[in-house]
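S.K.: The chain contents come next:
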Amino acid sequence: MGFTVILTPANLAFCLLGSVIGTLVGVLPGIGPLAALALLLPVTFQLSAVAGLAMLAAIFYGAMYGGSTTSILVNIPGEAASVVTTLDGHAMARQGRAGAALGMAAISSFVAGTLSLVALTFFSPLLANLAIRFGPPENFGLMVMGLVCTLYMISGSKVKGVLMMALGFLGAIIGMDIVNGTERFTLGTVNLTGGIEILSVVIGLFGVSEILVNCESITKNTMLAEKIRGLWPTVADWRASWKPMMRGSGLGFVFGLLPGGGPVTASFLSYAMEQRLAKDPSRFGKGAIEGVAGPEAANNAAVSGGMIPLMSLGIPGNAVTALLLGALVIQGVQPGPLFIAQRPDLFWGVVASMYVGNVFLLLLNLPLVGLWVQFLRVPYRVLFPLILLLSIVGTYSANKNVFDLWVMIGFGVFGYVLRKLMYDFSPYLIAFVLAPLLEQSLRQSLVMSPDGMLIFLQRPIAAALIVISLVLAVFVFRQRKSSIPEGDI
Amino acid sequence: MIERSVNLIWCLIGLGTMVNSWTLGLIGPGGPESGLFPMICGVIITVCGFALLLGQRASRVANPNWPRGAALVRIGGVSAGLVAMAATLPYLGFAIASAITTFVLLQTVERSRPIESLVLSVVSVAVVMYLFGHLLGMSLPRGPWGW
Numbered sequence: 005m006g007f008t009v010i011l012t013p014a015n016l017a018f019c020l021l022g023s024v025i026g027t028l029v030g031v032l033p034g035i036g037p038l039a040a041l042a043l044l045l046p047v048t049f050q051l052s053a054v055a056g057l058a059m060l061a062a063i064f065y066g067a068m069y070g071g072s073t074t075s076i077l078v079n080i081p082g083e084a085a086s087v088v089t090t091l092d093g094h095a096m097a098r099q100g101r102a103g104a105a106l107g108m109a110a111i112s113s114f115v116a117g118t119l120s121l122v123a124l125t126f127f128s129p130l131l132a133n134l135a136i137r138f139g140p141p142e143n144f145g146l147m148v149m150g151l152v153c154t155l156y157m158i159s160g161s162k163v164k165g166v167l168m169m170a171l172g173f174l175g176a177i178i179g180m181d182i183v184n185g186t187e188r189f190t191l192g193t194v195n196l197t198g199g200i201e202i203l204s205v206v207i208g209l210f211g212v213s214e215i216l217v218n219c220e221s222i223t224k225n226t227m228l229a230e231k232i233r234g235l236w237p238t239v240a241d242w243r244a245s246w247k248p249m250m251r252g253s254g255l256g257f258v259f260g261l262l263p264g265g266g267p268v269t270a271s272f273l274s275y276a277m278e279q280r281l282a283k284d285p286s287r288f289g290k291g292a293i294e295g296v297a298g299p300e301a302a303n304n305a306a307v308s309g310g311m312i313p314l315m316s317l318g319i320p321g322n323a324v325t326a327l328l329l330g331a332l333v334i335q336g337v338q339p340g341p342l343f344i345a346q347r348p349d350l351f352w353g354v355v356a357s358m359y360v361g362n363v364f365l366l367l368l369n370l371p372l373v374g375l376w377v378q379f380l381r382v383p384y385r386v387l388f389p390l391i392l393l394l395s396i397v398g399t400y401s402a403n404k405n406v407f408d409l410w411v412m413i414g415f416g417v418f419g420y421v422l423r424k425l426m427y428d429f430s431p432y433l434i435a436f437v438l439a440p441l442l443e444q445s446l447r448q449s450l451v452m453s454p455d456g457m458l459i460f461l462q463r464p465i466a467a468a469l470i471v472i473s474l475v476l477a478v479f480v481f482r483q484r485k486s487s488i489p490e491g492d493i
Numbered sequence: 612m613i614e615r616s617v618n619l620i621w622c623l624i625g626l627g628t629m630v631n632s633w634t635l636g637l638i639g640p641g642g643p644e645s646g647l648f649p650m651i652c653g654v655i656i657t658v659c660g661f662a663l664l665l666g667q668r669a670s671r672v673a674n675p676n677w678p679r680g681a682a683l684v685r686i687g688g689v690s691a692g693l694v695a696m697a698a699t700l701p702y703l704g705f706a707i708a709s710a711i712t713t714f715v716l717l718q719t720v721e722r723s724r725p726i727e728s729l730v731l732s733v734v735s736v737a738v739v740m741y742l743f744g745h746l747l748g749m750s751l752p753r754g755p756w757g758w
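Which chain is which? The protein sequence lines are A and B, in order. Numbering of the first sequence is given in my numbering, commencing with residue 5 and proceeding in unit increments. Numbering of the second sequence is given in my numbering, commencing with residue 612 and proceeding in unit increments.
None of these hints come from the bench; they were simulated from the model. Beta carbons: idealized from backbone N, C-alpha and C, even for Gly. Incorrect hints may appear among the rest.
Which chain A residues stay away from chain B? Per the calculated CB distances, all over 12 Å, these [claimed, not checked]:
#1 24
#2 184
#3 186
#4 201
#5 240
#6 399
#7 412
#8 423
#9 463
Derived CB-CB ranges, DEER-like [stated by the list, open to error]:
#10 B:679 x A:281: 22 to 32 Å
#11 B:738 x A:193: 48 to 58 Å
#12 B:745 x A:374: 41 to 51 Å
#13 B:681 x A:247: 34 to 44 Å
#14 B:742 x A:11: 22 to 32 Å
#15 B:679 x A:282: 21 to 31 Å
#16 A:407 x B:687: 42 to 52 Å
#17 A:462 x B:676: 25 to 35 Å
#18 A:345 x B:750: 28 to 38 Å
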């Protein structure tokens, strides 16, 4: 069914467009996939749900492909999940092996993307069938566990993470309470009666604040000038890479599945694992192709893994899938256990688009790598006006209300300050998107319970989820500060 | 100083949320009222805010790397540009407000040459208007001259 849905000219065109934009976003430092998704989210208003989701998903995994190009050639990661690729990828480029590094990065991404999609195809319906048996207390417990896992994965202060989460909840409930019709925190202004527009928040926090960070300094790129040749890896490269590729695929998929995990965590862990398993770990950092194959496989596999809790449970595990959830909600679709049963065309259409998108990306990133390389020569001041205008148009397009622009600017400037103070925005966005569901589950649970909050302990699955959350919460606050950067991609 | 101010803001937001939530009501005869969920949020924000405000110096960000000099000018300029654009958009329309703002920003913040700034501004606005206004059919605000 999925391929029937996606193999129409319009849907294929938007899938291809998303792949191109994603690769471009990945190649260009200065704009990450999250900012790009935020800026292009309004475009999906005009598209069908399948086309819009296919395009957004393609941008996400396309950026994973494209990020390796800059990492290898310029030693600057195009996006956060490609940081580790700079270590060995650029070293290979300095040794005259840029082609092999680029080729192996693209092939690893393709193999991992395809394998993880097969797993997604089988796991998602199984998980959804299980979750259909969940009632409001179980849904509440699951969301709480997901939020605690998110805290577990973020780097830096956990107190700041909890604070961001609570602020996200608060931001989402501004407006009219749909149960009682009461206005909450509207400050007496009509503009807030409908709540804060998610686009203003997302574009402000992730788009405008990123523009402000980039404006601090001018980055000069020193690109390796050699003509890229020999994209196809040698037999020795294949022999060295196929096991890291498989391990990276598995690791990335599992970490993408976990709330709070994602491509960045997966790529770092894959690199660490390959270094540990290598016969000669000293080769890492000096051009070991395993250091490219494993992490690139991991970051792509994590994308598909992250789609499973989103599509099957309606719970986003990281900021990007939270944004995709927002896109679905805007389209009038509520992901969750009933999503596959109620909208099989959309679910299987998106899955099929990811298969197709992976093929597009392999074709875009191997033979056309020379074209992407040229984009690296574009100075930031040429892109800067476009990014600024996209932010304005994107935000304004939601409600045609200038108030949303003021909200965007406020979140952008304050977001910049918070970036300096090492706040992670992922918990804010995940909480903002989950808040209506979480509150609904809480209220429904309390209404159906004669014993109040005890219902969460009286139902075995809900109780187990709450206990696991509490145990994880204890670990979260005992955990030392991690040095792995995650969060805003 | 800035970090402490931000932490104080969190405390004030948390306390304000708790007070407002109380007036909305927490639990009623029909079950949870509108104020229950925000009260939980308010308590969490207040506790975290005070934890950060009163926390040890070691837990604060050692070097936030606040912008100075030219960097501060660039950031201030972009922020002011965005504010100017939001303020003038309803009166001048998208095309003119955007073109002026991007031209000024490219001249002042990016220090591009005048002709380069003009070309980039006009081309950027044209591209965005074509993509969003024409191809995607989004209605963008029009100015006094109809565009």
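S.K.: Does each hint hold? Answer for all of them.
M.R.: Evaluated hints:
no.	hint	verdict
1	24	holds (14 Å)
2	184	violated (5 Å)
3	186	violated (4 Å)
4	201	holds (14 Å)
5	240	holds (44 Å)
6	399	violated (9 Å)
7	412	violated (8 Å)
8	423	violated (9 Å)
9	463	holds (18 Å)
10	B:679 x A:281: 22 to 32 Å	violated (46 Å)
11	B:738 x A:193: 48 to 58 Å	violated (34 Å)
12	B:745 x A:374: 41 to 51 Å	violated (32 Å)
13	B:681 x A:247: 34 to 44 Å	violated (49 Å)
14	B:742 x A:11: 22 to 32 Å	holds (26 Å)
15	B:679 x A:282: 21 to 31 Å	violated (44 Å)
16	A:407 x B:687: 42 to 52 Å	violated (23 Å)
17	A:462 x B:676: 25 to 35 Å	violated (51 Å)
18	A:345 x B:750: 28 to 38 Å	holds (37 Å)
Checked against the numbered hints above, the structure violates hints 2, 3, 6, 7, 8, 10, 11, 12, 13, 15, 16 and 17; every other hint is satisfied.
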